[in-house]
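**Student:** When you get a sec, could you build the whole thing from the sequences and use the hints?
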Amino acid sequence: MIAKDEAMLIKLFATLKDRAGAGEITLSAEGEFTVAELRARIAAQHPELAELVARSIVAVNREFAFNDDVVRAMDEVALFPPVSGGCL
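Okay, so the sequence shown: first residue is 594 according to the working numbering, each after it adds one.
Mixed in with the good hints, there may be bad ones.
[As the list claims (entries may be wrong)] Computed Cβ-Cβ distance ranges for the label pairs, DEER-style:
no., residue 1, residue 2, range
1, 611, 661, 26 to 32 angstroms
2, 637, 611, 27 to 33 angstroms
3, 623, 661, 16 to 22 angstroms
4, 610, 662, 20 to 26 angstroms
5, 604, 640, 17 to 23 angstroms
6, 616, 643, 16 to 22 angstroms
Read the hints as simulated data drawn from the structure, not as lab findings. Please read all numbers here as calculations on a predicted model, not as lab measurements. Every residue, glycine too, gets a C-beta built ideally from N, C-alpha and C.
**Tutor:** Following this line, the structure appears as structure tokens:
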């Protein structure tokens, strides 16, 4: 079990949510790291999400984040998978 101060709650949407079978995942996390490292940690701890996580939009504290932005364990993190579609 992951201690609360070492856990990051990550909200999932659309196909990520479907693939995980839940709207949230918990990631083991200590200190701070980049969004790129966050993607790698998610892929390692949740391999079923790896393909989508690499292409997903990451939001940290309700702001879109880039791969070199820093994430901390207490941040609010959400992942939005790529979407497709258009006008009929």
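**Student:** Which numbered hints turn out to be false for this structure?
**Tutor:** 2
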